[in-house]
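Got two chains here, separate frames each, mind docking them using the hints?
Protein sequence lines correspond, in order, to chains A and B.
Count along the first sequence from 1, add 207, and you get the number used in my numbering.
Count along the second sequence from 1, add 96, and you get the number used in my numbering.
27 Å max Cα-Cα, derived DSSO-like pairs, lysine-lysine:
| no. | chain 1 | residue 1 | chain 2 | residue 2 |
| --- | --- | --- | --- | --- |
| 1 | A | K319 | A | K478 |
| 2 | A | K436 | B | K590 |
| 3 | A | K436 | B | K621 |
| 4 | B | K324 | A | K582 |
| 5 | B | K528 | A | K383 |
| 6 | A | K436 | B | K633 |
| 7 | B | K248 | B | K213 |
| 8 | A | K520 | B | K324 |
| 9 | A | K383 | A | K520 |
| 10 | A | K582 | B | K279 |
No lab work stands behind these hints, which were simulated from the structure alone.
Keep in mind the model is a prediction, meaning the values are calculated, not measured.
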Amino acid sequence: MNTNHPSATATRISRRDSLQRGVCGAAGVLAAHQLGSQFVSAKPANTTPRFGAKSASAKSVIQVFLWGGMSHNDTWDPKPEMGREYMGEFGDVLSTNVVGMQIGGLFPELAKQADKYSLIRSMTHGINGHETAAYLMQTGHSAGERLAYPSIGAVFSLFKGQDYTGMIPPYVVLTKPQGRFSEEGFLGPKYKPFATGGDPAAARFEVEGIVARGITDQRQSARRDFLDKINTMGRLMDGHPQLAAAEEAKAQAYELILGQGKEVFDLSKEKPALRDRYGRHTFGQDCLVARRLVESGVPYVVINYPGGWDTHKNHFATMRRQCPELDQGLAMLLQDLHDRGLLDSTVVWCCGEFGRGPKVDWQPPWNGGRNHYGKVFSALLAGGGFSGGHVVGSSDDKAEEVADRPVYPADLLGSIYQLAGIDANAELPHPLGLEAHVLPTESEDAPSAGRLTEIM
Amino acid sequence: MLERSFLWFILCLTLVWRGVAIADDRAANLYERADPATSNGEIDRIVFAELSALGIQPVTCSDAVFVRRAYLDVIGTLPTADEALQFIEDPDVKNKRAALIDRLLDRPEFADYWSMKWGDVLRIKAEFPINLWPNAAQAYHRWVRASIVENKRYDQFAREMLTSSGSNFRVGPVNFYRAMQNKTPEGIASSVALTFMGTRTESWPEERLTGMAVFFSQVGYKPTAEWKEEVVFWDPLDASTLPDSAAPGQAAVVTSLPSSQGTDDARESIAKPAKTYKRSAAVFPDGTKASLRPDRDPREVFADWLITAENPWFTRSIANRVWAWLMGRGIVHEPDDIREDNPPNNPELMAFLEQALIASDYDLKQLYRLILNSATYQMSSLPLADQSEAPWARYPLRRLDAEVLIDAVNQITGTVDLYTSPIPEPFTYIPKDQPAIALADGSITSPFLALFGRSARATGMENERNNRPVASQWLHMLNSGHLQTKLERGPALKAVLVSSRNPTVIAERLYLTILSRRPTDAELKAVASYVGSTPLKRNEAAIDLAWALINSPEFLYRH
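Bound-form chain B, shown alone (with noise of 0.2 Å):
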């Protein structure tokens, strides 16, 4: 008898089981394409090489997929139900990416989210610790996203930063020399290598830094009679720091300070002794001596050294920054790392795109464009049947940055979230619809921004974004009144829940809002089985459906 009901026990395991994988199978479906992925071009017979030799079969993702992380990592915005739908049935199989990519490339969110990107890494803050003040952190911004719509070669746009003299207000680009807590000629240095070597000098030589320091050692800082300019110059007599001279500089700026506003932090971080810096000691960073002219900014002779194609980082570094952001992890990584001892993880991929990006005269869409329409970028995210880690055998799983997470909830409910600055100053004024991705001050945040490890623009290095997963996050999106009344009052789902008085239509339109794709006849099972033992009302049924694929893994990373 008990070795009977134990058989009988085994049984039931075994069709337990046969059921879930019949169920696993089709739900694989829904992420991935059933054709093997066929190569399109040269990062994919890069890939697919070391793929075949590892003895792994690359697998695509579904177009339902596809459109969702398109959406998501070229314009930072989550795709509307209407927008995924169209896609999802669009019968033109062979050119339907490319087409969207396209399209995706020429949206006007896509120089919102990547000025956003472009923001950590060039310290877009008002205050504290990066000091730019309110109107210089919008000029700052505002002349980032007019590069990015009018895609600006990046060795130019690198070079105006590296060069640029003038008004905070009025010149976008001279905020780069502010937008760093250390304005020694050393602390810029430092600050350039790692935004345009994407190399970190705490492990550099010393004698390399200080070669280097020499090029920024006639950058000049002075007040106007305007509140909070200040104007970046080439200063080659050193004349900001005499006091009395025409150019007050220094000393002026530390009067200029109402006693209220922090003169004694100004002084004490620009009262650095003065060092002298002979133009005789400038060595580039490859170790190139150069030679000086009294009649140059030397700020101009580091810039021409940075941005040509044989520059062994300043390539490379925007390259890989480039398929970091897209593919989730650097070929050199961490993607500000750059030296001798962490090498490429693939120098074949790595080579490949700093040439593409030569020839293409530095058109970073044109970058885009290339690694997007690979079927590298495109594969499934689902994990591989051995669980090896072979690099870019998968797209990699990331949760949601904290702008993209909110603006996407937003959406979804059709409600708006309140962004401030604790600094009083006018130009702060958010108007009440635009997404958090356009936000083009670090310093107007929210609580949410915060707790979802939004950069805090303090260094520019890339990790200070910081999307691992705490408690407090999820005590946030299950459980409170923030998102409640979103789900409760937002227009824009109460629009879906009386669309239909059928379940399974409200259903499917959640889905598509949401995750992007239809729902499973499993999926659909298990939804009418929660609305039929529920004692709530059908709309509270429908929130609780709303708030549950919410939280979903599957809406809260990039797959």
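Same shape as in the complex, but just chain A (with noise of 0.2 Å):
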């Protein structure tokens, strides 16, 4: 195909087009339902069989990422026994109120709540580096040729978008991205997540772009309308397709800003009781906000959790601090979703891109430390069609090795995706035209034990 010509026939069409939207706009009749739709206009290839989309129970999806690799021994796949060599300080486990499940002693109120998630304790891929291993974790692919392909956040986005009528952006990362890894990979800059920044423990949730501090809305309505009056170069060119696709964005953009989009976010319209529960701090309120979204209908939700686990030093320090911050927001949103009968439409997926060695690294300059370790991790996993309560494979007696049952990112990813009704085969939309598919192909022969059929 020649590609050399600016295709005149594109050109008139989306002027047509934005001739029409200029006309609705000025009736008044673009509902914001439809601005919101915008956010994900493109579509799929249309090679993709929608299969299972009726049936799919998974609605939305909140993913709380443990950026740096969570030690799994230290959590969730406890090995008592093997004393302080593996254990370091944390010797205690807990029982769960499912009988015969024991979690790590810093985790009591997730121990109330076992009968919700499952455990996955056999997780593996084998891959040691931050960014190779995360994009692993959020792709299904490994790190290789030319294409980058998108995380599943913007895989929801791309195939949940479609039907997804609110007006916060279907992609929501609180509050800060992790990089590229987490992100749109060659979907392009649409499907990037809207990251919030802001602090929700703050007086005020400042969502970067929408809650601005001391600009009040009317302020607001003026600007705007100023910008229309002075903007003349940009009246010269009316009709000029790049600048008829900028302000279309833009008008979406002002939703947020002056309609209700920014409400959502609004912390003060819950009871401080349960802002309490939920826990005052970061991780906590970024919990209540995810349940917010997930309410209001955001397909795919990420929490990266504010600080890291990549624990090399001050490890035993560090989990100390983080975990029962992390025990009390995750439980609480568990059992909070639970209380709204959100729980069965809404996977909540909680791990790192790895976990972190078993024998604790006693040589200076760790000083008991942790290090990067990809062969056998744990993951907690909850909702939306996954039944809870369960202990899906095992590691050894060390939590070395995967003594039983692994599962790889792809094979966790996939029965995600199955439950939210998206074919992971079916194929992704390249830029050049290049063959792309959700998760590897048969023929691509990347590791996989199967989906999770067993608590599924």
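Printed below as a string of structure tokens:
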């Protein structure tokens, strides 16, 4: 195909398009939900079979990403009998409300909720580099050649965004993005997550771009009119396809700035007692915002844990500080979703890009640290059609190898996709027309031990 | 009665319509010169001939548009209010554009900005998915920038990258061979073709890539005792794949990496089964068989073939790239997709640029100068009356690159941004006042740069940079704390706001600072009416003016 000439047809269509939008706008009939859905107006390839859309149990996903890699020994796969060499300062285990299921002593709240989630103790990929492992955990593809695959959130945005009618973008990150591996890949910036910025535990959750400090709605509107008035060049170029596209994106932005979109982020609408139960710390309030986002229909929410788990050094102190917050926020999130009848339609999954060395490194400079470990680690999985109260797979007695039933990243992601009615074999629209699928196809020979049918 | 009011309505409409039309005529003069464009050399002769056949009368942009365009295109930097004013008021109408072009080509920002562009193409990035490591990314960038400062012949620039050997920390250009995800001979050949031949091997017949891969089948990589240092060298005996060899090579790369640094990744990426490449199988991409002597680095043989004037890809690729960089679109488009079934949209123009580059001994600055001085480059960007899509009839609208945009905002407000790298190494300290266009390493970044589509530098393809508008970018421009803080607290902007008690003077200064031109009477009236009607303090109203100008397409786009 000769791609060297700008397509006059495409230009004409987009002009007519923008003209129609202008007419609609003038008549004031452009409903907010239509604008919202334009956030994801690109359609996936036509060849995509939309199987199971009706039977899909998962409408939304909340992913708690423990960037840096959380130790599995000290949390959800304790090996108390291995002693200090492996367990360091955390020898205690807790029984949960599910008979026979035990977790580490730092998680008393999660111990009371075990019927709502299952634990995978045999996650594995063998990758020990942060970026490559995170990429694999978020895409299901190995970091390889020219293709940079989109993360699971961007894939949700592509497929679920079609039917999503909210004003908030379909893929939201609380509060900071983690870089390329949590993002849009070759799908382009339209599928980049919306990162809120700000701190939901602060007096006012200032969502970057939506809730600004010190600008009243009145000034916001006046500014907008003023900009239109002095937009001399824009008026001379009226109908220019590029500017029309920019104006369309701008109209969407104003729906959030001046419309009702921002109320979802207004935590003052929640009862103070409930906010307390989530924990008055950033992670706890992240969880509460995530619940509000899911309530308003957002298909994919990532909480990038506010604080890292890359505990080469100072491991035990960091765990003592962070685990109780993780425990409180996550347990309350499960409870609250359950209480509101949202847990059955919301997948919650939580893990890092890998685990940490099961054997404590007591040598300097680590002095009791744990290093990267991709051979075996744990993940927590709940809701959306996953049953709770089960342990999938196991590690060996030292938590160093998979003992039983390996679960590879593509198995985990594939199971989530299946519950959401997204075909893991569906083709993704590559800008150069290269062949790309949601997850590696059989011919790509990616490691897999099958989907998590035991809890689906 | 009804009829009369209807007529009255029509009359009003007519008046309003005329009013708009008059205002627009005046506004057009802001952006366009009244006299018809005159041809200035061979580029214009070729382009104008095509335009005249289509009945299009070329129009030149105004001086105010030109000064802004030239600064943004040549040095990726917004002109200051004084620089813009000085140029606009310079009475030497005949020579001032050429003189400005010469001045800009000599500015240090020229090297910064074009190193940034080359950084995208050459994939200068410390980590993921390109893994140069920070120190090597800096060395690579330093070499590229020095080459641009000395205006190194482009054929030499290419040859040095293809034939260098040595340490990634000490010999900058060897990093070319490290800045690729796939380091098999085929993978290297593919990167070489994309970078220096402007062509994607995905569209090649398979045997062409196989024949070319042989030239890169003796590239060796080996570590040294220094952490993350790696030597790229000619390895005819394939020593770097043998265990226990004197040049320990790949096996040692694996064992040298600390367990926390992606050992398994490294193992995976380099433990490809050794395939044998016979010297006799080397074929240049044009189909000519090469004879490789055992005592000569085949990379040199390839480089010598590549950089000859007769090479059908080499000169075309760079001439077309430079044209695309300045004109927004390749004569062959996309500029890294040269193939037989994607011909230039103006073959005569393509051929002329190639010949001009050869005649100047691959002097890229000379090529910039030639294009920048053409009336074709200096055309107006306002749309044509008949909206037809004649190539090169208008200077195309393009959103400012992420780095250029944030630098412009910072220059206007007198603020800085923080650039960081997630890689915990000491080489990533960035001086506070360093502009984004001067960032060496693609891993050193900010949320703004990521949001506005800075290249990920993963593949070296031109389209990795993405300037398409999305709503979240608008949220940031219109309403973020990041921008609002700059507008409220930026010392340079504050200085403008307190420079006079006369709102008109302040408005003029803001227009010159942000849009590089003076305001029209109509604009001044609109400003006065905003200031008069708002309950805001005068300073806040002025901040709103700066906000509105920064969010206008005239600021956000190259035009």
